[in-house]
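Heads up: the sequence lines are chains A and B, in that order.
The numbering of the first sequence is our numbering, which starts it at 311 and goes up by one.
The numbering of the second sequence is our numbering, which starts it at 311 and goes up by one.
If several chains are the same, the list does not tell them apart, and a pair holds so long as it fits within one copy or across any two.
Straight-line alpha carbon distances no greater than 30 Å define the calculated BS3-like cross-link-like pairs of lysine-lysine that follow:
#, residue 1, residue 2
1, Lys335, Lys383
2, Lys647, Lys335
3, Lys459, Lys431
4, Lys405, Lys459
5, Lys640, Lys335
6, Lys431, Lys465
7, Lys383, Lys422
8, Lys346, Lys335
9, Lys405, Lys647
For the record, the hints were derived by calculation from the structure and aren't laboratory data.
As the structure is a computational prediction, the values presented were derived from the model and not from experiment.
Number of protein chains: 2
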Amino acid sequence: MHIAIVGCGQLARMLALAGIPLGLKFSFIVNPDEQKDTACIDGFGTIACWQKGVAIGELYIALGRPDIVTIEKESVDLGLLTELEKYCKVYPSAKSVFYSQNRYHEKLLLEKLDIETADFKYGNSLESCVKSLGYPLVIKSISEGYDGKNQWRLKEQADIAIINQQANIENCIVEKWVSYEFEFSMIAARSVVGQFVVYPPTENQHIDGVLVRSIVPASQLEQAHIDTAINYIKKIMRELDYVGVMAMECFFADGQVLVNELAPRVHNSGHWTQAASITSQFENHIRAIANFDLGATRLTGSAGMLNLLGAGVPPLEVLSSQTSLHWYNKLPRDGRKVGHINFVGDSREEVLADIGAVELLMNA
Amino acid sequence: MHIAIVGCGQLARMLALAGIPLGLKFSFIVNPDEQKDTACIDGFGTIACWQKGVAIGELYIALGRPDIVTIEKESVDLGLLTELEKYCKVYPSAKSVFYSQNRYHEKLLLEKLDIETADFKYGNSLESCVKSLGYPLVIKSISEGYDGKNQWRLKEQADIAIINQQANIENCIVEKWVSYEFEFSMIAARSVVGQFVVYPPTENQHIDGVLVRSIVPASQLEQAHIDTAINYIKKIMRELDYVGVMAMECFFADGQVLVNELAPRVHNSGHWTQAASITSQFENHIRAIANFDLGATRLTGSAGMLNLLGAGVPPLEVLSSQTSLHWYNKLPRDGRKVGHINFVGDSREEVLADIGAVELLMNA
Chain A
311 MHIAIVGCGQ LARMLALAGI PLGLKFSFIV NPDEQKDTAC IDGFGTIACW QKGVAIGELY
371 IALGRPDIVT IEKESVDLGL LTELEKYCKV YPSAKSVFYS QNRYHEKLLL EKLDIETADF
431 KYGNSLESCV KSLGYPLVIK SISEGYDGKN QWRLKEQADI AIINQQANIE NCIVEKWVSY
491 EFEFSMIAAR SVVGQFVVYP PTENQHIDGV LVRSIVPASQ LEQAHIDTAI NYIKKIMREL
551 DYVGVMAMEC FFADGQVLVN ELAPRVHNSG HWTQAASITS QFENHIRAIA NFDLGATRLT
611 GSAGMLNLLG AGVPPLEVLS SQTSLHWYNK LPRDGRKVGH INFVGDSREE VLADIGAVEL
671 LMNA
Chain B
311 MHIAIVGCGQ LARMLALAGI PLGLKFSFIV NPDEQKDTAC IDGFGTIACW QKGVAIGELY
371 IALGRPDIVT IEKESVDLGL LTELEKYCKV YPSAKSVFYS QNRYHEKLLL EKLDIETADF
431 KYGNSLESCV KSLGYPLVIK SISEGYDGKN QWRLKEQADI AIINQQANIE NCIVEKWVSY
491 EFEFSMIAAR SVVGQFVVYP PTENQHIDGV LVRSIVPASQ LEQAHIDTAI NYIKKIMREL
551 DYVGVMAMEC FFADGQVLVN ELAPRVHNSG HWTQAASITS QFENHIRAIA NFDLGATRLT
611 GSAGMLNLLG AGVPPLEVLS SQTSLHWYNK LPRDGRKVGH INFVGDSREE VLADIGAVEL
671 LMNA
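My request is simple: use the sequences and hints to build the entire structure.
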């Protein structure tokens, strides 16, 4: 069986590393920009470059006629996916990916399924949004938003003119700012025949919109809230007839779970599953799209994940009995995710202490 | 950092797959025979062919000047290792590997360290061995013995003539046959600076000399026996200033631990560590030879391993919530190890039942 992945970053790398032991072959679809830096996946299979205008049949043959195409990112040309569906299976489907490319339609989907999210407006002026939602607000571009990019915070009237200048408001949703207690994510897998598994919720700590740390279990959450979150992601995946791993980012605010956004792929907040779950999110994505039975998702201890941002060489000195390192072979750039460290421990407190010690070591 | 591995089989494959996430580069030293079938490690690094007569300096350059050379098998030319030691680090050392290539010297090493083994004779006629050790006996070639090959069982006088015909007795040791209750193995890692970790003992079930199943924990063993076995492997590794993973195969007989043989490498009976330990034997071998801190070896549940022998395609139907599959991409041949299935469970009984169910499924 042969799986082609759209993208050539660390998620493609870790998907391939999870699938190679199953005897699967991989190939990669990159764009001309990505083609300059494929070190993450070099050696793991054929790399074919595609851009708008290149015939999909030619791409399909250049890849070596894959059985399944999947993605490592949501910013993928939907026309490419739709056309590939004529040649082979594409999971998740173009339709599933569409919602993550368009925050407005994502919000409508969540509303349709009675899933709680932050109040929002679309297609109104900022003044009118302030009138109905109050301060503070967050303005989010409908598309091309990730790692906190293309977002603006509106705290007072003076911000309105600035944001109107920087943002194309017609292409944004305007959301009530949520003063959340913490952020967490749910990661689930659904197979071709509808088998569903979900990992324990992960607490996520961001700095400037970029995920820095994940901790499991997210022990601040009561079982009732976990059940609500599981119910939400299950409903979404069933509605979309979704196949593969999906991540659902949530806020916990005022005793309530609010869904913030969806990612139609393996997710940074699920990297700890490599160290502290029976089956990693990467292997379960492969199993889901290949229609193999899904692997167990239970936690084998407390765990954590620390992203490595912008470093040039793997910090091998952080290895200890409780840590493992995943280095992506990427060219270093300021703030770029170049690797992550997974932590295991007997308790959340132990994991937090170990993460803190490694952060100190690396900043020393 | 760049590690060259002597060999290109499944152990080389799994070592590379464990080291790639650490950002390490790999290359492989093969002989002309092995060069015909390198599918296990294709894509993972440069492959250089070596045979006696080829200058080691040329090999070193063809590999791309590795920092460390290691092995995936004990049947490796010791001259090659000794020469490579002039160019880079070689772990385990040629001296460490020597003992596993020569059963007689291995026995002498164990005797020297006061480690219990089956009684044996070397350099005597079969008749004289029978006189001092009694029936039954097992005749083992000093070298080139693995998976039960080059071994003969001597049960009665009539066997003597047959064995004298088939075996070169001068190149054999003659051992008292041990009626053991069960076989188990110890897998340990020792780093360049002498850090030592050991996995829980694994019960091994062989058929016709070939390992078929492993089970952990080996709950028939009392703690005192486990302590004895840990003490044995620790003494051996310290004596040899051993660096890397070593496996020690043992018999449990008459309430006593007897060491059967040593393997200077990652071992088939440690494959379960991929599924049910914090750190796999493959990652700990890499960490040991690269002198990184070693990873925790504790068991995260009960586990088992079933070898796949001779199959032509990966049996993906065996995947379940409790199983994972490791396929080696090898050409199928009757009885050849082409993959393995790892099992996890809450108890030894559950794992044994799951292994039994998969065996039934595959034989159906």
